[in-house]
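Q: Protein sequence lines, in the order shown, are assigned to chains R, B, G and Z.
Sequential numbering from 1 applies to the first sequence in UniProt numbering.
Sequential numbering from 1 applies to the second sequence in UniProt numbering.
Sequential numbering from 1 applies to the third sequence in UniProt numbering.
Sequential numbering from 1 applies to the fourth sequence in UniProt numbering.
In short, the hints are calculated from the structure, not lab data.
Fair warning: this is a prediction, and the values are worked out from it, not measured in the lab.
Just so you know, nobody snuck in bad clues.
No farther apart than 27 Å at their CA atoms in a straight line, the calculated lysine-lysine pairs in the BS3-like style are these: (1) K177/B with K126/R; (2) K22/R with K50/R; (3) K45/B with K34/B; (4) K80/G with K80/Z; (5) K126/R with K165/B; (6) K22/B with K51/R; (7) K21/Z with K8/Z; (8) K21/Z with K51/G.
Under 7 Å between C-beta atoms, here's a sample of chain Z residues computed to sit facing chain G: (9) K22; (10) G23; (11) M26; (12) H106; (13) S111; (14) S152; (15) S153; (16) S156; (17) I157; (18) H160; (19) I163; (20) Y186.
Virtual Cβ for every residue (Gly too), placed ideally from N, Cα, C.
4 protein chains.
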Amino acid sequence: MSKGERTKQLIIERTRSLFAKKGYDMTKTSEIAKACNLSEAAVYKYFHSKKDLLIACVTPNEEQPPKQDAKELSTESLIKIYVKEKINWIEKHQEQLKILLTESLHHHELSDIYLQQIDQENGYEKEIITRINKGEMKLISDFLLFRLGFTSSVLSILNHERISKKKYDLHFSEALKEELTAFALYGLLGKK
Amino acid sequence: MSKGERTKQLIIERTRSLFAKKGYDMTKTSEIAKACNLSEAAVYKYFHSKKDLLIACVTPNEEQPPKQDAKELSTESLIKIYVKEKINWIEKHQEQLKILLTESLHHHELSDIYLQQIDQENGYEKEIITRINKGEMKLISDFLLFRLGFTSSVLSILNHERISKKKYDLHFSEALKEELTAFALYGLLGKK
Amino acid sequence: MSKGERTKQLIIERTRSLFAKKGYDMTKTSEIAKACNLSEAAVYKYFHSKKDLLIACVTPNEEQPPKQDAKELSTESLIKIYVKEKINWIEKHQEQLKILLTESLHHHELSDIYLQQIDQENGYEKEIITRINKGEMKLISDFLLFRLGFTSSVLSILNHERISKKKYDLHFSEALKEELTAFALYGLLGKK
Amino acid sequence: MSKGERTKQLIIERTRSLFAKKGYDMTKTSEIAKACNLSEAAVYKYFHSKKDLLIACVTPNEEQPPKQDAKELSTESLIKIYVKEKINWIEKHQEQLKILLTESLHHHELSDIYLQQIDQENGYEKEIITRINKGEMKLISDFLLFRLGFTSSVLSILNHERISKKKYDLHFSEALKEELTAFALYGLLGKK
DNA sequence: TATGAATGAGTGTTCATTCAT
DNA sequence: TATGAATGAACACTCATTCAT
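All chains, please: the whole structure from these sequences, using the hints.
A: In structure tokens, the structure reads:
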């Protein structure tokens with residue numbers, strides 16, 4: 001990675017953090033430059049506009065690592081593992097997701113990226129959808145809506161925890177993860 | 001209601017709509033004035049600042065009407081009715097709630113109003129909490145988190161529908177309401 | 001005095017006070033109205049503009065009462081009495097004079113009023129000028145300049161006292177009056 | 001001096017002139033920018049607010065050069081020289097002083113700067129105060145008041161001359177300087 | 001690669017003033 | 001005589017963006 005590329009990456013990371021904390025509109029280009037120890041002009045060498053930089057901050061940079069097994073699992077285990085992974089993934093990408101959740105409401109170009117981000121199908125999801133189609137699972141008909149709603153829930157709960165505990169870089173407690181998993185599990189499983 | 005009071009109310013309604021559609025920062029005071037058929041100066045006679053107006057737009061103006069029965073219902077019916085009411089309530093107040101969801105992330109004064117709005121306990125909720133405490137229902141331990149997550153979900157699904165169908169003042173389809181209700185029902189009920 | 005005239009007078013007095021305390025530019029018409037327990041519109045019935053009101057506030061409303069003796073006095077007594085009267089007069093009209101001193105620097109229409117106010121000749125001054133012309137007193141050649149400078153001095157000292165003592169409606173101490181009188185006396189008398 | 005520093009200095013000088021001529025409130029930031037051949041935004045890079053700029057315009061930038069002799073002079077010569085120097089100093093710094101005189105009446109932050117500006121003691125003043133204390137001179141008890149009053153007088157006379165002669169950058173005539181000196185001399189000396 | 005210097009086009013806000021009632 | 005309601009025209013200040021060096 002050349003120096004230019006490293007600088008570009010650094011700008012993205014620092015700016016993502018700012019956008020997540022303060023929102024796109026309230027983050028000034030001067031703050032971005034300061035956070036990167038660069039002049040504003042320098043930042044503009046890497047990104048042609050503030051909006052370009054926003055796009056860069058929310059564009060997924062790494063793919064989900066491919067997953068094992070799935071087929072062998074019982075439906076219950078399948079959902080459990082899937083949901084837990086989902087929670088971890090949200091936790092890990094919370095900055096990008098928070099930006100997407102917030103800004104996609106008003107910058108419609110971001111809506112597509114948000115959906116695309118949320119709609120990535122890993123091994124588990126494929127298997128779940130297969131089973132739904134086979135009738136082995138009853139499920140909310142549009143699985144995207146589940147993912148959308150679930151992501152929003154998790155993000156807003158994370159955010160609430162962050163504000164109410166006044167600590168910034170918060171992670172979920174294991175207990176909360178368990179509860180969320182259980183909730184989604186039975187919600188998804190539905191009536192026996 | 002005097003003329004002044006009517007004008008004030010009108011400003012709130014028109015502005016709420018704008019804030020919900022375009023976001024607080026992207027709604028200019030000039031647009032607000034135009035939407036109200038007033039000069040900017042006139043708007044400022046009613047609200048001392050744009051932020052004051054924001055607060056007015058999200059401050060709950062009417063309380064939930066008190067509810068009937070509750071005690072007599074089976075747990076399943078109780079939750080079902082409760083969730084359905086909740087969905088209707090969210091649908092009805094979606095503009096305020098969308099503003100709160102979005103802006104409370106960055107304007108921390110709004111967080112409290114958001115929580116207070118979400119945390120209103122009507123008759124059903126009291127009964128649910130009673131039953132949880134009696135052990136008749138297993139439930140997500142902090143009921144507030146459920147409400148928070150559920151509200152976010154519903155709002156973001158509503159929003160997604162709105163964007164993907166390109167129709168503005170959207171209501172939920174009954175089918176979707178059913179699905180959401182079922183999801184929440186079994187999620188809340190948990191394993192038998 | 002009719003009710004209208006009384007109201008007009010009241011507006012002048014209250015406003016003069018405000019202008020003196022806060023300056024013309026920093027006194028808002030809304031404050032003026034509030035200080036008078038009137039609506040802004042009502043104030044505009046009496047004065048066609050803010051500037052009109054300013055003029056009214058600094059226009060001398062009452063003449064110097066005519067004075068006794070003068071001719072019989074020794075030069076020293078003459079100056080002493082004259083200066084003391086002058087100080088008392090400044091003290092009494094300090095609000096008008098402060099406004100004039102300050103605002104005439106930038107609103108040139110006021111310069112004339114300021115000079116006219118300062119240039120009023122009472123019995124003492126006439127006698128002093130007579131004696132100067134007869135050569136009985138050596139004096140600063142342009143007596144107006146003396147009055148101008150002296151008035152400014154007294155006002156700025158009054159003002160300094162007011163600020164440093166943090167009391168608003170201050171009067172000079174007798175001791176200070178004595179000193180000022182002595183200073184002016186010997187300054188005017190000059191070398192023997 | 002870097003380009004930035006030169007620009008900053010230029011802004012101060014041009015703005016000082018405007019403030020002195022038109023007053024703080026009546027000088028618009030747009031005029032300041034125009035007078036400096038800069039955009040308003042550029043001016044704001046150098047000064048965070050109009051008030052900051054005001055402060056910069058009245059903050060003394062250079063100290064009085066230390067003076068010679070003093071001790072050897074007769075009291076009369078001492079005062080004469082001192083007063084003449086004072087007049088020259090006021091004449092030289094008339095813009096700053098006029099701003100201070102006018103604006104300190106309403107912007108109380110400036111009062112301190114005004115006093116500090118006026119209260120600088122050069123060699124002559126120290127010697128005068130020494131002699132007062134020794135009883136060799138009778139004097140107005142609070143020397144600060146003399147300086148305050150004297151400065152105001154000189155400024156307002158200067159101003160009057162400026163207005164009545166309709167010439168802007170006026171200097172005192174030598175004759176007037178003599179008269180003012182004489183007046184102050186005998187005022188300060190008092191009765192023999 | 002990096003920046004110091006500069007700006008056009010806003011942005012929220014203020015205020016003296018008007019007028020129908 | 002008095003005012004509630006409204007506004008045009010400004011104003012201080014901001015910010016994303018550009019460009020010569």
